[in-house]
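2 protein chains.
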Amino acid sequence: MGRFPTVMTRRWTKWLGVTAIVLLMTACAGHGAHSRHGELPSWNDGPSRQAIVAFVQAVTDADSPDFVEPEERIAVFDNDGTLWSEQPLYFQVMFALDRVKAMAPAHPEWARRQPYKAAIAGDQATLAKSGQAGLMKIVGVTHTNMSVGDFTKSVTEWANEARHPRFNQRYVDMTYAPMRELLTYLRARDFKTYIVSGGEVEFMRAWAPAAYGIPPEQIIGTTFVTTFNDQKGTPVLWRQGKLEFNDDGPGKPVAIQRYIGRRPILAFGNSDGDLQMLQWTVAGEGRRFAGLVHHTDAQREWAYDRESKIGRLDKALDEATSKGWTVVDMQTEWNQVYSFEKTQ
Amino acid sequence: MGRFPTVMTRRWTKWLGVTAIVLLMTACAGHGAHSRHGELPSWNDGPSRQAIVAFVQAVTDADSPDFVEPEERIAVFDNDGTLWSEQPLYFQVMFALDRVKAMAPAHPEWARRQPYKAAIAGDQATLAKSGQAGLMKIVGVTHTNMSVGDFTKSVTEWANEARHPRFNQRYVDMTYAPMRELLTYLRARDFKTYIVSGGEVEFMRAWAPAAYGIPPEQIIGTTFVTTFNDQKGTPVLWRQGKLEFNDDGPGKPVAIQRYIGRRPILAFGNSDGDLQMLQWTVAGEGRRFAGLVHHTDAQREWAYDRESKIGRLDKALDEATSKGWTVVDMQTEWNQVYSFEKTQ
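Chain order of the listed sequences is V and S.
So for the first sequence, this note's numbering puts the first residue at 1; every next one is plus one.
So for the second sequence, this note's numbering puts the first residue at 1001; every next one is plus one.
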């Protein structure tokens, strides 16, 4: 049921009690899809939910002037901060730091060398001082100079085991329930849902298909140069220590064209890195949808926007306001953020 | 019915006549799918057709030890020489040469400058002398420094109009009927069919979806660096004059992983540029299919392999022989090459 205001009269409590019984009866009768929140139960009946439903009805109703053929119903979603959380650091960076610790026994020299020493010790201050160059070294040793198969294996192990320091939940369980419902809602109406993320593509493919129901061929991300090598007679794909394509900012519409070859009719992001993807989407002919997840809930998730180093939302927030894009107020519009809240 | 040997007895003619009547009756009764050649009518009942059918039955029968889940039924096809012809030059080069002529009135300086002058005059000898550098100049002016939308428009116009010098048919009508049937046959069994070609991706996307029933997002090719530009307030994707990725040879398995993220279970090519794609496909666990189209029919199409500059088939032919891959003898195994043969 989400959270209730702390000031609640008896009358409201009683009313909610009646609602709960009705909901329970409805669910038991197997009519879950027709419950209060329909197929988007974690979304309150606010402006964002209304805008989504109105858009989807308009483009899927064959009698609507805005009707879009099923094969053109392309929907693209950023991942970090849009489909799952991204604090205190992008979860891919958390993976890299965890991996340095896991790999440390095989690399005794790291005990005396930065930034590895700081990563192993969890020394955030020293790590921060090593800056972008230090981070690149850590990403390098944990992500490259290995086969695609071995990298995928290391991510899968981490995804099954590692837990977030604040919530003590697996990272893969820190996806947003309302956004997973939205993906399902769109697919039920013949949308093809894609991830278009600054995250590395094979990092996401290791866990995102199970988490979101999005197959590997619909996951687009940042890539490393990869080569076709012969390993004792067996062909392997080898991840080189060189960035190939940075799927962020203006890279996103470029990647959308390269991988999909069609312009999306719906795009969802949460930061300035998604601005060009949203611009490209709405610049197409016909009705389009641009959405931003606005992180406004410090209690259940995090609250940040214009001043944040991770997931800064500044220019895109201004453009959303001036263009009338949908900005989801996480605090008031989502009655549930993570699925694990249910059982807490 | 394809072509008949020139030496044909009366008895054969009579037998073929009876067959034709039976086929006609079957078709009229709406049982086309159960006709002599089933769903692959342009394939004679030879070793290639048998190998294809046996493979597809094995991986789609739920009781088979070789069963493959529908979402893993990835099939990849080279384009030039595998799905359509590639002589006397790759059709994309024919497009570029045609485009130089079409663009010439706006470029009077080309009348005095090579290799443009030779391209406009159709002077093959001088063009050949200009070599790879000359070809790159011609590809550059016809393919780059324009928006994706404008390039697509130029290809669409060409595809609708231009005709092949030998057959006087549109290039888009020079796709192979047996291969189009194979694509349909596979998709009817839940295979996802992809093009993985050295051709430029937007060149193919302009006509290949209609020709093969393959959507833009399943077409993988060579790419130019593309940037997200602002054109008087409207975002455009701009094709830069710089090669980004050459989707040929060892690039093919790399692109397959990057775009699809799964290993194919079936791959079809026709030249040494497809060798690594075939190797990567068959190196996967479980039953796999690797096929080569062998150009053996100088009369209906072209005959070439080890010595050809276009579509050289040498190392891959040796490997196919030693590994038992399927090599399609175009002359004996296809009773029809192009659909336009029917009406000639």
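Do not take every clue at face value.
Stated by the list, open to error - One side only, chain V facing chain S, incomplete, derived with CB under 7 Å: (1) 237; (2) 246; (3) 260.
Since the hints were made in silico from the structure, they are not lab data.
All of these numbers come straight from a predicted model, not from anything done at the bench.
Even glycine gets a Cβ: it sits at the ideal position worked out from N, Cα and C.
Was the hint right that residue 237 (chain V) lines chain S, CB cutoff 7 Å?
Status holds, d = 5 Å.
Could you check if residue 246 (chain V) really has its C-beta closer than 7 Å to a C-beta on chain S?
13 Å, violated
Taking the least C-beta to C-beta distance, is residue 260 (chain V) closer than 7 Å to chain S?
5 Å, holds
Of the numbered hints stated above, the single one contradicted by the structure is hint 2.
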